[in-house]
Structure formats: structure tokens, C-alpha cells
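The listed protein sequences derive, respectively, from chains Z and D. Going by full-length UniProt numbering, the letters in the first sequence line up with residues 1 to 327, in that order. Going by full-length UniProt numbering, the letters in the second sequence line up with residues 1 to 281, in that order.
Since the hints were made in silico from the structure, they are not lab data. Some hints could be false.
These stretches of chain Z come out as covered by chain D in the derived footprint (C-beta under 8 Å, 3 or more residues) [to be verified]:
1) 51-61
2) 91-99
3) 122-134
4) 177-188
Restricting the straight-line Cα-Cα distance to at most 25 Å, the calculated cross-link-like pairs of lysine to aspartate or glutamate (DMTMM-like) are [stated by the list, open to error]:
5) Z/Lys310 with D/Glu270
6) Z/Lys277 with D/Glu270
7) Z/Lys93 with Z/Glu113
8) Z/Lys93 with D/Asp138
9) D/Lys49 with Z/Asp324
Short derived list, chain D residues pointing at chain Z, Cβ under 10 Å [as the list claims (entries may be wrong)]:
10) Gly51
11) Pro76
12) Lys94
13) Pro112
14) Ser135
15) Gly168
16) Leu174
17) Ala225
Note that CB positions come from ideal geometry on N, CA and C, so glycine has one too.
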Amino acid sequence: MFVIKTVPPSSTQTFADDMPATHRKHQIEIDAMQVDEDEYGAGPSKRTIVTPGEIITSSKEYMRGHGTYVEEVNVVSSVTGTIERVNKLISVKPVRSKYTPEVGDLVIGRIVEVGPQRWRVDANGRQDAVLMLSSVNLPGGVQRRKIESDALKMREFLAEGDLLVAEVQAFFGDGAMSLHTRSLKYGKLRNGQLLTVPPQLIRRLKSHFHHIPPPCGPSGVDIILGLNGFIWVSSGTSQEKREGGEGFDSEGVYSDKNDDITPEGRQAISSVANLIKVLADQGIPLTDTLIEEASNWMNQNQLPIGPLVKNDEQRLLAEVVGVDVTE
Amino acid sequence: MATAFDRRRIPGPEISIPPIYEPLSNENEAGPSKRSGRSNDEARPIFLKTGLISQANGSGYIESGGVKIACSVYGPRPKAPPYTPQGTLNLEIKFAPFASNPRRAPLRDTEPLPLSHLLTQSLLPTIQLHLLPKSSIDVFLVVLESDTTTNVLSAGLTVASAAIADAGIEMYALGTSAVISSTCSDTSPGDGTGSGNGESILVLDPEEEEERNSTGKVLVGSMPALGKVTSIWFEGENGIDEVSEMIEKAIAASRDTHTILAQALLEGAEERGIGGDEEVA
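Just chain D, with the same shape it has in the complex (with noise of 0.2 Å):
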């Protein structure tokens, strides 16, 4: 792959050996967390900061479970022609080859690109385009660290829309988002089949190996503020009761994301000197 080569990149060696790790101890003590320690209905923490990243217009950095992203959002500025009447939104998601495991490749990733396509799907509804004609807003996520692709998107919904939020471009509302994967409760993990006519289990929030081992997953954006559902994406195989159950459990869900999220975008303003207790001169 001569071609691929990057030659504005430092190569690594030719010849590298994993590093040997002293085996640990305690399993629980480090490592990606488990669902152990937490109900099927219940988020891993949320840390979510606004305002890190000081030349971008707006910016946001959120680490959710095992993702971590850092949003910076330029505009709204002026677009090149043609005219269009409404803002466009350009978005784009970049993993940092350090990001999951197995490392990725600069340049050959093609994953990106239709997350990018999903995500903006999902944030267009949350903003006000039509106020903004002859512009564009650009909004780059870089992704630090993640697990699987849905939790990805998941954070990205959410990091996204503080960094808009803070770049003071007008909105409808706050978009949030949650994922909820089934586990058919008799088939043994690993199984995959999700067969079996036993019921299913429905988690919140689900880890890589749950949701390796689920039958079907749904990742809900929407806009808790109003009541609005901005898109959904399934994917797997199951019943349709089940799966308007597990919309209703990712809205309820992201309903909680939506006030870390205004938490996040109020201490950001306080940060900054209004609405805090002291009264400036």
C-alpha cells in the first residue's frame, strides 16, 4: 500500500511488540466499566464541558461510557456561491487513530462518513437553517476514544448540540440521544441468534459486549424540550412492540441526558460571567 503512504505522517517502526502488561489483580478494578454496578434502566456518568476549545465560534467536549469527543463548531460564516436561502450544515466526524481498538488507519478509515451522514440526519431538525441564508456552520467531531459506533453517535448528538448551543446559533431545541440494545434472556451470550421466545432484556446505555451479544439495538435523537423525536436508527431483528418499547425507554432516557446537557451550557454562561452570583459593575 505505497500509496497510501502519508508522507507528511512520522512512521512508526517497521517492527513493533506489544507492550506486557503485569496481569491485574482485581478484573473490576480497571478496564472499560461493567454493567456490573448498575441497573439495566440506568447511564453510565455523563461529563460534559462547554467553551474548551477557544478559537472555534462554539465548542463542547463530552466523555459518555467509553467515548470520548471533542466538537468545535465554526460559524455561522459566509458560504461560497451558489445562493442558497437556507444555512447549510457541514458536518464532520473524525476518529483519531488512537481512538478504538484495533488502531485505524489515517486516511483509509471509511467509517466516518456515513456516521457523519447519521449524525447530521439527526441535528439538522435542532437548528433554525432557514435564519441563515448564504451561510454554512461546520461542526468537527473528533473522536478520542470509543466503544461502538452507536455510543458514538449517541454522544455525538449530544456534544453536538451543546457546541451549537454555545456558539449562539439559533435552535429549536437541544437534541439529545440514547441507545437501547435487547438481550434475549435464554439464548447464551455469544449466541447471537436471539431466537429464542424467551424475553428480552432491555439495557440502557449497553457496553461492546452487550451489545455484541444483543438481538436488536435502537439509537433515538430527540428533542426532549418539545416533545420531538429527530430520527431513529435500528438495527437487528425484533418484535414491533418491542422495539416501540425500546423507543420509549431511549426517549425517557434521553430526557435525562437533556438536563446534563442544560446543566452543562448553564455553567458555561456562568463561566463566562452572567448568571452567576456576583453582579458585575
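So here's chain Z without its partners, still in its complex pose (with noise of 0.2 Å):
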């Protein structure tokens, strides 16, 4: 009775005019031919977005990554973001979305259940993780045992409500994550205030924790940058208490109590916190260099304590990351 007749107008797709209307191919698949020619050479395309339903390119010719499905002979975008070309493999990386889980992955998160050997964590992915009495590690050493009574005292090792820092180790059939905590750099997390970023800007580094040294409070500060989006801010510690060398508290790793933190350690924390706020706000990629830069920046300026302002933002973004925000 009706039919469609034409593919709907749509503001990114620029078709090749000279080409029929059968053999159309996306702009990005022309560019990505061209650079085909030029060196043999993969990785993330041009930039260019695409919405959901756009035709992206030829099935025969290429294989569907993620954010992408096959319709007809078609690759088509099922997200918004950008497209990225591995060789013949063609994914669509999301502007926004919740995070999407790989093993290894350090991540932080916030304990929802206690349940039967196994806690319920919510660690900002499509389903809440699982962290498994038998892959932490209990007071009293990685060798202890873990026996009945510990299933019965869970509730004292980590509560609802309690943050912990953690490693991706498997993954369930319905893609909910298995966390571990068997190492003493991950536990339980105290002294510090949690941020919360798109899970896009935190960038795969090669250590996720990050000490920025004392001239940034009486301490300095500890920085844990989870890639779920969730980022730790705490008061610093030394090398060795952090990671189970000398004067490392082993019993007191499921403690609830916080330090005393000088007041200048709780401004030098919520300052770092405030810097972050305003390189995410702008969409910028957060790696541990940036944040000290930015963090020497602030001591080297003498700010005023608090917020920063709209002005020294903009200075901030403009002398650090070499962004121009004025409008």
C-alpha cells in the first residue's frame, strides 16, 4: 500500500554523487580507501559521528564491530558516537554509555548486597558486579583459609554502602563482571571523596593508581582512576603502607574508621577533586599526567581556597591542556 522509496536525509550522510544509488558508500568508507592507499596503516578513523540506523558501509566488504548490527547487506551504526576501523573490522564507539567491562579493568565500586558468599557490587556497568568471598583477601594473610564463620562475618569485611577498589577477573554469561581484590593495592576504601566522570575519559594506563607528592597537602594525595568512571580522591600515603611493604596495616584494611586528616589535607583532596570536575566537564580525557600538571598549576598560581572560578577555569583549561573555552 505504501512504500518507502528513499533513504531518509540525514546531516552526516554525504554520499558520493557519482556513484549509483546501489553502490553508495558512506563518506568514511571513501576516506578510510584513501588511507588504504597511502600507507597501510589501522586504527580509529576520522573522526566522524554517526547516529543510530546510519548506513556505515558494505557487509561483504567488512566485518560489524561493536555498536554496530548487519541489516541486509549493511553495516549499520546502533549508537551514536564515532566510527573506528581495525583493518576490516568496523565498530561504532558511543559518545555516552555505561561501562562496558574488560578483564583486568581496574575498577570502583560500591557495595549494593551482602548475599551468600558473594557481595553486590554496583560498579557502573549494565548489571551490578559480583565480588565473591573467595576472591578477596581477609586479614590475616593470602594464604588464610576461608572458612565458615568468615561467610557468617562478611557484613564486618565490607557493608552496604562501602567503596572498594577492585580487578576485573571474569566475566558471568549474562555480561555481569567477577571482580578480585587479592592484591593489597585493592580493598577497601577509606580517607577520600568519590567522583563520578563518564567512563569514556578515563584512559587505559599503565598504573591506574597515582601519588601526587606533597607540595599538594601535608601528605600529598592519592589518586585512584577506576576505568568505570569512578574516580578516588584520598588523602596520600606513602609507597610502602599502600602497597604492603613496611608499616602496612594488614588488620586494619576493613577498617570503617577515617584518619585524622589535617584541614590542609582535606583542601589539598577537595581541590584535586575540583580540578577533575572541570577537566570532565569539558570532555577531556583524564590520565594521571594531566592531573598532576594541573595540580602544579593551581600551586604555582596561588589560588584562593575553593571552587575555582569561571575565569581561572578557563586559564586553567587554556595554559594546562591547551583547550579555549571563552565563548
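Join the two chains into one complex using the hints; note that each chain is given alone, in its own frame.
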């Protein structure tokens, strides 16, 4: 009775006019072919944004990756995002989405439920993560066996609302992550403040634990960049204390009590947190070096205590990141 | 109705008098926009923006004709048992008390429920729910201003797709919709019988009065990018050929909406520092 005859107008779909309609190719594909001619290289192609339903290319020549699906003979985008191409694999990286975990990722999560032999953890994923009792270190050393009484005392170790840093160990069938904290670097978090940023802004780094040394607060500031977009900014500790060396308090790992933090220490934590918020608001990918540079910039400029005023924000972004945000 | 009294709300005074306005010098200057000034196949301008509600995973705000809707999307998030192999879509339309004339009584309003069902049906085919086992997506639409229910549904589908796309949830395509109503040319306005043999006029994006005088109206939800229809809702009495023509016109109109929707998503992405001119280090 009614048929749809033409492809809808779309603001980003630019087709080459000299090709017949049946052989239409998305501009990105034409660009990609030119890249292939110039140099044999893979990697993210030109930054082009597509919207859901937009035809990217033919599925005969390319494989579909994340963020795409195949409709008839075409690879079609299923999210709003940038096209990325690795050889024949086309994927679309969403502009904003929930965290998509990978094994080995460092994440920060919050306990939502204590269950039989396991904790359920909110780690900003599509499903709650699971932390098994068998994949945590209990006070008393790595070799300590877990006995029945430990299962009964689970809430004494980690209760609802507690924050922890952990690593993604594996996935369950439904895509939920299984976490582990079997390293002295991981475990319960205290003495600090949690920040939430879009997970896309956290880059994979060599180390996600970062220490900003003393000019920033009396004992420095520790930052943990969780790949799920949760960032923990806390009062600084020495290298040994963090990683189980001299002075590591193995009994205090599950302590609920914050240490005494001096007012200067608190100021340092919140000023670093403010810096991260400013950077994240502008959609700037966060790295340890960037945050440290921004923190040094703060110290050099002797800014007043408290959140950055608009003017200082713009200066920070211009001088440290090199982004001009003046309107 | 003492039982329906909500103690959490601050009740208004028992006696109230409507404000008296000075009559306007020119009727065209204020009030709802009239068809005057646009042709029969021209829609009213649409304002659409994503990402205005910061605590939601995705959000959108639309102003389309006499309708203003704010939409927020939460999810995908874990769903309480029982296990479902596919994701579930929970959609809720709510009207602000001041959204329509006469005012709506809070809690006693029964209209949003069937509207929520209709909108869910037209939105469902656009989302790839099979990728989200044990999860749910919660979509909340708050209607801040409304004229007709069809216009609310039409704008609702567009803004809900925008918000879901903004949340980064995998979709088949963006859903948009359009409303076409038909009016008999030989019947006087307000007659509403529509039994005349005269040629009927098809109007896109009808206003409240045009819809009241119409013999039939059709709301078509579609995915213009794929050339697929998600839902058709027809009300009234028209010949089969005429209805087909109305549907054709609605599909053509929703393509224009699709352009606006895609543009809004791109602008939303650019605001997050992606795809703009400036390359971030």
C-alpha cells in the first residue's frame, strides 16, 4: 500500500554523487580507502559521528564490530558515536554509555548487597558486579583459608555502601563482571572522596594508582582512576604503606574509621577533586600526568581556596590542556 | 473526595478566582500558533536538545508545536528477578498539573496510562533489547505543556528516541513520528460529521482546533533510517485510499523530524568534546 522509496535525509550521510544509488558508500568508507592507498595502517579513522540507523558500509567487505549490526547487506550503526576501523573491522564507539568492562580493568565500586558467599557491587556497569568471598584477601594473610565463620562475618568486612577498588576477573554469562581484590593494592577505600565522571574519559594507563607528592597537601594526595568512571581522591600515603611494605597495616584493611586528616589535607583533596571535575566537564580524557600538571599549575598560581572561578577555569584549560573555552 | 487527598501536596486555597487579562490588541501576537502562516504540509518548528538532565543516563527535551516534554532514561540497569532473556522497557508518561487546560488533578489522572502503553508499543521495535538480558531500561516522560494527545505521543516518540540514543543504548534506528489529520472541505468547521462528498484536506501537525474539526487522524511512528514503520494509530472515519495517503504523508514528514533528531544528537556529541573542530590532546 505504501513503500518508502528513498533513504532518509541525514545530516551526516554524505554520499558520493558519481556512484549509482545501489553502490552508495558512506564518506568514511571512501576516506578509509584513501588511507589504505597512502599507507598500510589501521586504527581509528577520521572522527565522524554517526547516529543509530545510519548505514556505514557494506557488510560484504567489512566485519561488524561493537555498536553496529547488519541489516540486509549493510553495516548499520546502533549507537551515536565515532566510527573506528581496525583493518576490516568497523565499530562505533558511543559518545556516552554505561561502562563496558574488560578483564583486567581496575574499577571502583560500591557494595549494594551482601549475599551468600558474595557481595553485589555497583560498578557503573549494565549489571551489578559480583565479588565472591573466595576472591578477597581477608586479614591474616594471603594464605588464610576461608572458613564458615568468615561467611557469617561478611558484613564486618564489607557492608552495604562501602566503596572498594577491585579488578575485573571474569564475566558471567549475562555480561556481569566478577571482581577480585586479591592484591594488597585493592580493597576497601577510606580517607577520601568519590567522583563520578563518564567512563569514556578514563584512559587505560600503566598504573591507575597515582600519588601527587606533598606540595599538594601535607602528605600528598592519592588518586585512583577507576576505568568505570569512578575516581577516588584520598589523603596521600607512602609507597610502602600502599603496597604492603613496611608499615602496612594488614589488620586495618577493612577498617571503617577514617584517619585524622588535617584541614590542609582536606583542602588538597577537594582542590584536586575540583580540578578533575573541571577537566571532566569539558570532556577532556583524564590521565595521571594531566591531573598532576593541573595540580602543579594550581600550586604555582596560588589560587584562593575553594572551587575555581570561571576565569581561573578558562586559564587552567588554556594553559594546561591547551583548550580554548572562551565563549 | 477526601480519600484522594494527598497530604504531601500543599493544597491551594478553597476559593480561587481566575486572573483577568487585558484583551490583546492583536490576536495573532499571542496564544497558540495558528495554521495561518504555514501550509498544510508544513510542521511547526521543533526544538530538541539532549543531555539536559545530568543525573539520568540519557535525557532529552523537546518543544514541538504546543507540546513540551522532558524525557529521562535510566539504564540499562539490573532488573529484579525473575530472569528475562531480553531487556525490559518500562515507560511512563506523566503530565504536570499545569500541562493542559483544564488543570489535571494529581494522582487521579487516568489518561497517561493508555498513552504510556501506546508509546511503549511504538518505541519497542527501535531498541535492541535482545542484547540486554536481565536488564531494564526506564524511560520517564514529563509533559510540561500539551495540546492534543496525538501531538504528545508524536513528540514523545521523538524525544524518547533521542534520550535513549543519548544514553548510548543500542538501537536499530531512531524512531520519529508525525500526525496527519483530514478535514472535509465542504463541512463547516465544528460540524465534525465529515459525511460530505467534498474533497478532504490533509493537514500535517494539526493544532488543537484543526484536530477537533477533523474526520480522522493518523499517528505513524517510523524508523526513517531503515524505512520501517513501528506503529500506526488511526482514529476516525476515512476511506482506505485516503488513509493510505495520510500514512504516506506522515512517513514523509517523519523523515524531516529524523533530520532534526540526528542533528540534535550530533550537537549533543559535540558538546562533549567529540566531533567538533577542536581536537583534544
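Verification of the supplied hints:
no., hint, result
1, 51-61, "holds (count 5)"
2, 91-99, "holds (count 5)"
3, 122-134, "holds (count 3)"
4, 177-188, "violated (count 0)"
5, Z/Lys310 with D/Glu270, "21 Å, holds"
6, Z/Lys277 with D/Glu270, "19 Å, holds"
7, Z/Lys93 with Z/Glu113, "32 Å, violated"
8, Z/Lys93 with D/Asp138, "23 Å, holds"
9, D/Lys49 with Z/Asp324, "24 Å, holds"
10, Gly51, "8 Å, holds"
11, Pro76, "4 Å, holds"
12, Lys94, "25 Å, violated"
13, Pro112, "27 Å, violated"
14, Ser135, "6 Å, holds"
15, Gly168, "3 Å, holds"
16, Leu174, "5 Å, holds"
17, Ala225, "3 Å, holds"
In the structure shown, a violation is registered for the earlier hints numbered 4, 7, 12, 13, in ascending order.
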